[in-house]
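J.: Take a look at the letters that make up each chain.
There are 2 protein chains.
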Amino acid sequence: MEITITKTKVLKPKPDDSKLGFGSIFTDHMLNVDYEPEKGWHNPRIEPYAPFEMDPATMVLHYGQAVFEGLKAYRTASGSVQLFRAKDNFTRLNQSSRSLCIPEIDEAFLMDSLKQLLEIEKDWIPKAPGTSLYVRPTIIATDPYLGVRASNTYRYFVILSPVGAYYAAGFNPVKIWVTKSHVRAVRGGVGEAKTPANYAASLYAGEQATKSGYAQVLWLDGVEQKYIEEVGSMNIFFVIDDEITTPMLNGSILPGITRNSVLALAKHWGMKVSERKITIDEVMQAHESGKLQEIFGSGTAAVISPVGEMKYGDKVITVSDGKVGPIANKLFKTIQDIQYGKAEDPMSWIETV
Amino acid sequence: MEITITKTKVLKPKPDDSKLGFGSIFTDHMLNVDYEPEKGWHNPRIEPYAPFEMDPATMVLHYGQAVFEGLKAYRTASGSVQLFRAKDNFTRLNQSSRSLCIPEIDEAFLMDSLKQLLEIEKDWIPKAPGTSLYVRPTIIATDPYLGVRASNTYRYFVILSPVGAYYAAGFNPVKIWVTKSHVRAVRGGVGEAKTPANYAASLYAGEQATKSGYAQVLWLDGVEQKYIEEVGSMNIFFVIDDEITTPMLNGSILPGITRNSVLALAKHWGMKVSERKITIDEVMQAHESGKLQEIFGSGTAAVISPVGEMKYGDKVITVSDGKVGPIANKLFKTIQDIQYGKAEDPMSWIETV
Ligand SMILES: Cc1ncc(COP(=O)(O)O)c(C=O)c1O
Ligand SMILES: Cc1ncc(COP(=O)(O)O)c(C=O)c1O
Chain A
0 MEITITKTKV
10 LKPKPDDSKL
20 GFGSIFTDHM
30 LNVDYEPEKG
40 WHNPRIEPYA
50 PFEMDPATMV
60 LHYGQAVFEG
70 LKAYRTASGS
80 VQLFRAKDNF
90 TRLNQSSRSL
100 CIPEIDEAFL
110 MDSLKQLLEI
120 EKDWIPKAPG
130 TSLYVRPTII
140 ATDPYLGVRA
150 SNTYRYFVIL
160 SPVGAYYAAG
170 FNPVKIWVTK
180 SHVRAVRGGV
190 GEAKTPANYA
200 ASLYAGEQAT
210 KSGYAQVLWL
220 DGVEQKYIEE
230 VGSMNIFFVI
240 DDEITTPMLN
250 GSILPGITRN
260 SVLALAKHWG
270 MKVSERKITI
280 DEVMQAHESG
290 KLQEIFGSGT
300 AAVISPVGEM
310 KYGDKVITVS
320 DGKVGPIANK
330 LFKTIQDIQY
340 GKAEDPMSWI
350 ETV
Chain B
0 MEITITKTKV
10 LKPKPDDSKL
20 GFGSIFTDHM
30 LNVDYEPEKG
40 WHNPRIEPYA
50 PFEMDPATMV
60 LHYGQAVFEG
70 LKAYRTASGS
80 VQLFRAKDNF
90 TRLNQSSRSL
100 CIPEIDEAFL
110 MDSLKQLLEI
120 EKDWIPKAPG
130 TSLYVRPTII
140 ATDPYLGVRA
150 SNTYRYFVIL
160 SPVGAYYAAG
170 FNPVKIWVTK
180 SHVRAVRGGV
190 GEAKTPANYA
200 ASLYAGEQAT
210 KSGYAQVLWL
220 DGVEQKYIEE
230 VGSMNIFFVI
240 DDEITTPMLN
250 GSILPGITRN
260 SVLALAKHWG
270 MKVSERKITI
280 DEVMQAHESG
290 KLQEIFGSGT
300 AAVISPVGEM
310 KYGDKVITVS
320 DGKVGPIANK
330 LFKTIQDIQY
340 GKAEDPMSWI
350 ETV
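Chains A and B are the protein sequences, given in the same order. Here numbering that gives the first Met the number 0 is used: the first residue of the first sequence is 0, the next is one more, and so on. Here numbering that gives the first Met the number 0 is used: the first residue of the second sequence is 0, the next is one more, and so on.
Chain A extracted, bound-state conformation (with noise of 0.2 Å):
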């Protein structure tokens, strides 16, 4: 598919590096794609950052038939942008839509339109320590019908925004709090897809954490309620007798692509790893027994999020002392030296724009 760009005439005033926060500023372009049954995806197109003209009774906003993707680009020290693990992303948005009933998009071409779209944005990539621009593939079912059943047309969009460095005030352990009382998903629904029902889902109790001083929810299945399973945008790992470990996909939790990059990294460096269930309670015991040594989360957004104190019911603990373990730091560090080209890359997780 030939893609139409049509630039903008006036193009809006780049932030600060230093002023970058997450999601809220959008660059000059982005790009739409339509779909329609007799016509397939078509019409490719980038364009000005503009409003959509939509109907009210637009499907995506009474039955949430939707599924996005998160992911980054980096400026390495030479100035030159690249992506980490993009195609896994493209991979995954196209699972999401099977769980959705959403038609597919040819990988090489979500990969190709991308990367013409970053060369026409390049500018808006920061150049801080940290910083990066997020970019968040979407699509949306757009017949305007209020019956229940999958839309006939959608469209597909890819938005940019410049965010800030994550840790610009340190690298620092966060504190979770596991809900005893709320489910985000359960095997035999849609926890697995990165679709908008997940996320609705989480709202509630993600309010509670946070009045309460939590950064983030951990949850727990939803059958038994004693497995653990992800936390709000990330997944979830535990260092326990020297062995790195995190609860297996199941259905219910976001195949993370974050988790994915540890537990390789992991393995590559002969390190002890498994992939399991994993029961609070064993966390809670190897914690009294002394042999917890670290908790994180890993996600596109934090890439490693050190956890320094997690409650669950009455109990709070405190996790290596309530300061970033060293496995987490040498994964944060490593990955992240990936990512913005420092160091080499093993894995050939890098995809050059």
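Source of the hints: derived by calculation from the structure; they are not laboratory data. There's no promise every hint is true.
For chains that are exact copies, the list does not tell them apart, and a pair is met inside one copy or across any two.
Taking lysine-lysine and the DSSO-like style, the derived pairs with C-alpha atoms no more than 27 Å apart in a straight line are [stated by the list, open to error]:
| id | residue 1 | residue 2 |
| --- | --- | --- |
| 1 | K271 | K6 |
| 2 | K179 | K276 |
| 3 | K225 | K179 |
| 4 | K38 | K210 |
Based on these hints, arrange chain B with the ligands on the given structure of chain A.
T.: This is chain B with the ligands only, laid out in the frame that chain A set:
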């Protein structure tokens, strides 16, 4: 709040009453109300039905923070217009909002503003038997922001759609399919809220059912996958051994207003009624022993939907000889007659516009 009214200059042509489907034709005007933290809900206005200008980063598109309702306005033989239990829809809207961290709206305002909108659009309420004007109140999160949290701003809107008789081809039973593999919602989640997430989670199994010739999916509970929950967009009733029974409200099914009406009428008629846990095995056994007399769904769209066939695993059972059972028939006729002002309203369910 004073509602500003702006009328359209050109009225759309009204469709033929005999050619109405469901949810694809919209009237000339809509209601819009905005929310901002400092102003609360403000600027209510009835204005021409028009597309939203929606930033591609609008939170509802990414995180599904939204709630909605579905109710109908009916035209009586004398030409007057009436709503059925609209108060309960607005109470449920606020209940849904609480689960989704959305600010509540004054229920008297919700009712009054709907009546004003209906007053303006009353010529859109069709006259043919079984037709009505479907009302869709909706709230969507409107911050243009990609972080996961509750939005600060919202839009409440109401759109209206003239809909045809659900049973245009006759009051006939449907076939339903019990899914063993998919789960709609689980306790601790958002299953009892009327929010897009639940419908997104239902699409995949819904498509599978349709492909196999079944009209709707019957959902089992998310924990043990053995207790009956509800059907696609209906609650479900069983008549076993002269008792009318329906799954109790457990936090993961929608508290249907038609469900409540069925329970109230059946009790009023002196029938044996229960709300309790019902396993799919109990239903299959009741069928085997000849005690299963009827199955029917309840919901705003169909009022009552008799079930003539149900498939569970390899077993296909025929219910009420594949015909409409007497209790389903009596409930359908009674509720519909109340809705259209043809029968007395013993429970004061009718709201006159
Ligand atoms: C629910 C959830 N889990 C895990 C992750 C981590 O996935 P990834 O490492 O691909 O960013 C994310 C988000 O990015 C998420 O939203
Ligand atoms: C999931 C679900 N269950 C049940 C119902 C029935 O509710 P009510 O009788 O209020 O229409 C509906 C829809 O209307 C629904 O969407």
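J.: Each hint should be assessed against the structure and marked as holding or not.
T.: Hints and how they fare:
1. K271 with K6: neither (51 Å within a copy, 70 Å between copies)
2. K179 with K276: both (18 Å within a copy, 23 Å between copies)
3. K225 with K179: Close inside one copy (9 Å) and across copies (23 Å); limit 27 Å.
4. K38 with K210: Between copies only: 23 Å across chains, 49 Å inside a chain, cut-off 27 Å.
The structure does not agree with numbered hint 1 stated previously, though it agrees with all others.
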